[in-house]
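Trainee: These are the residues of each chain, in order.
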Amino acid sequence: MTTSGPILSLVGLTRRFGEIAAVDDIDLEILDGEFFTIVGPSGSGKSTLIRILAGLERVDSGAVLLRGRAITDVPANKRPTAMVFQSLALFNHKTVGENIEFAPKMRGVDPAARRARALELMDLVRLPEAYYARPVTRCSGGERQRVALARALASDPEILFFDEPLSAIDYRLRKMLEVELKDLHRETGKTFIYITHSLEEAMVMSDRIGIMRAGRLVQIGPPLEIYQQPRSRFVAEFMGEVNVLRASEFGVAGEGWLVVRPEQLRPLAPGEAADVVFEARIVNDYLLGSRKQFHARADERMLIGEIAVAAASVPGPGEPVRLGFDLGDAVRVAE
Amino acid sequence: MSSTRNRLVTALLALWTVLVLMLLYVPILSVVLASLANTRYMRFPHKVWTLDAYRDALGQYTTAELHLTSLKIAVLVALIAVLLGVFGALAFARFEWRGRSLYQRLLLLPIFFPQAVLGLALLLAMTAAGIAPSWRTAVFAHLVWVVPIVTLVISIRLYGFDVAQEEAAFDLGASRLQVFREVTLPALAPGIVSGGLFAFLLSWSNLPLSIYTTGSDTTLPLWLFSRTATNYSPLVPALAVIATGASVLVVVAAALALAGWRRLVARRSA
Amino acid sequence: MRQRVSPGLLAMLPVMALILVGFALPILLVLLYSLMPPRTFSLAGEPTLANYWAAVTEGYLLPLGWSLLLAGLTTLLCLVLAWPTAKALVRFAGRFATLATILIALPIFISESVRLFGTALFMMPGGGIFAGSLNALFGLKIGSILYTRTATLLGMVYIHFPFMLFPMVLGLSLVPQDQIEAACDLGARPFQVFREIELPLALPGITVGTLLTFVLSLGANAEAAILGGQAVIVITKAIEQRFGYAQDWPSGAALTVLVILVTAAVIFPVLRRLDLDRLIRR
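Line order of the protein sequences matches chains A, B and C.
Numbering-wise, the working numbering puts 303 at position 303 of the first sequence, and it's gapless, one number per residue.
Numbering-wise, the working numbering puts 439 at position 104 of the second sequence, and it's gapless, one number per residue.
Numbering-wise, the working numbering puts 654 at position 49 of the third sequence, and it's gapless, one number per residue.
Hints listed in this document are in silico derivations from the structure and should not be mistaken for laboratory results.
Please note: incorrect hints may appear among the correct ones.
To be clear about the criterion: a stretch of chain C counts as covered by chain B if any three or more of its residues have a C-beta under 8 Å from a C-beta of chain B, and this derived list gives those stretches [said to hold, decoys possible]:
1. 678-692
2. 746-756
3. 779-788
4. 820-828
5. 836-849
C-beta: ideal position from N, C-alpha, C; glycine also.
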């Protein structure tokens, strides 16, 4: 990863649809060569944001700067960027080769050079050469992903945008493509801006992640930081099932919440102490490979915990259990 | 539902469909049978089965003239209808705009309207405006009815079109014109071809509009209509068969030309 | 992408211009002429309702009545005949259905003068295809229904059948098979399935077919001319006579307006409620 200052700067970017601000006063700098992922639930405005960056959506106010030069009003076809669409948007009436060669063709590159470039890119995205003359309608889901990727790369963009391209793909193939995409990012050295609703997907690939909610970026940071130090309940809950407890109930001064991950809430051995202890009863448990997750009820409160299957003392449903965590393990969030 | 009963229903439905099909083709078969006689009066079964009527029909100047009139009307209607229909369909199914729903309904009105009444209204309007009806006015009359149909045919294709393809092309550096030429138009091509064929055939076979809007020019359906009542001879059914055959020929030729052109394009880009 | 004028508005302009000039304007002219004094050829006269009065008193409502009756019967017969056919085409989805669909659609592209002519040849007494064959094969001599109102009605059913069938097939294909199976599974009998599931879901398609058939057959005149002989005078024929032989434009225009009013009364309420995007998108 080459980091030499911001390639893309977003300044006070705002886009409204009627009363709703889909993108609400966003400031962001994306570094050259970075793999930046915007994560958010549906309706958070992430799609609108990436479409603004690609030049497919206009802004109401604010600016987009490419290496310090304003490109806010430059249309998509004049921007040195390319997008991989959610539907992939492959040209169904064209072959694999014709799809990949589209951008060079628009630029007037001669057929021989176009073809050489297409074959080179097909090699890069691991598409067999025999696919060159195949209609895209006769490609499998994974192959179509690769064609879309090669087609975007063929315009030799400075920035590649990804609008949830893996959302409709089955789990195994998605995992494989995530790794390949990460490899491709390293091999090409280009800036990747990716949007998804899956934090898990973002964690695998990204250098930095921005969490988006209601048109705003509520937290930006490297994956580990987002995971370990969520700054709000929203971010914490977005990452998966967690226990969110009112801080004041546990002798912690001030307003706010404690976020306790399942793996930090442990069944206590007799006599074992913890900062916070619940007398609970197991309601249900689920096997997650080498770990087991359980739901437990302590008075009116539902708790979620996790324990290694190998650990001997796993109580079953209906059995009483003492659960506890240390305040040092909990993350304190204000809202 | 028991399976025996189910099978019985299925068999009855199949039988019914075959019956309907046979009934639909009885009149057409009747025309063919009637054309194979050489007597001035219809006396089926014919004493002599002959193709004389076809020889006579093909030798007549009227045959060529009628075909020519019908052909120039139908070709013009097809070309103009496709041109207007592409834009009409874009407004119908591709773009979101205020008034689209009203437009969609207005467009249907000429289809949901008695054709002969439309023909009469157009005749009155043209006469009032001092325009003498001729094959040219017939082209216009056909268009009023055919363009909405072609628009619908192309719209159906457009509904299945992923709009993101246009954005992708634009994003990859294509100009607006290039997007239309490289992506939208080829994606619509099947709809355009079937729309064009529809337009041609509907115009070629149209009677109710042509009756009132062709003036002194005569199309094939019009001539057949006038000769069914008076002046019968085997020449009339023979010409009906020839006219229908001619439209089939045009459609087949168009399909072949298109396939050839596709192959040419494919070879050039490969 | 900045857009000031919506592209949809621009794209519809040519088509809308055609409909305005070729559809709305003639209808407006007909309306204006219908208000002119009888037997005049200019629009400068004093507006009057005399032509409508004459239409009612001088017996021109009779052709309109015949046309309405024939159109109504045609629609009814087409409904009954098309339903099992549509069911069959939807049920046998596959090669048989495709072939049958194509075969049913093809005659639409053969001129109705050819098809009605063929019907007449088939029905002709004595030496007609049907009567002649019966005579030759079995020595049977039969009469003929040619040049009667029945023949006219049969011709109208024959010509308009596809206009009922195809929208109906479209509507029926919108009924998910699993809903029918679910209804059967929940204990519905065939008629209950028809009433509770198929009919409501297929209704948009059936409505379009019914409207199309009724409106098109309302203006039909070739059937009466070729198969009806002098047995029945339909409204289009009556209008044509007022315009032509009688040289009374305002009178013909008034009759035309009456047909247009009937058409509008049938079309508008339904068209307003129809969700076109859904019906066509499938």
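Trainee: Test coverage of the stretch 678-692 of chain C by chain B using CB-CB distances below 8 Å; three residues minimum.
Mentor: Since 4 is at least three, the answer is holds.
Trainee: Tell me if chain B covers the stretch 820-828 of chain C under the three-residue, 8 Å CB rule, please?
Mentor: Since 7 is at least three, the answer is holds.
Trainee: Using C-beta distances, would you say chain B covers the stretch 836-849 of chain C, given that this needs three or more residues below 8 Å?
Mentor: holds (count 4)
Trainee: Per the coverage rule (Cβ-Cβ under 8 Å, at least three residues), is the stretch 746-756 of chain C covered by chain B?
Mentor: Violated, because only 0 residues of the stretch 746-756 of chain C bring their Cβ atoms closer than 8 Å to Cβ atoms of chain B.
Trainee: Three or more residues of the stretch 779-788 of chain C near chain B by CB distance under 8 Å?
Mentor: Three-residue rule not met by the stretch 779-788 of chain C, so violated; n is 0.
This entry does not satisfy hints 2 and 3, going by the numbered hints stated previously.
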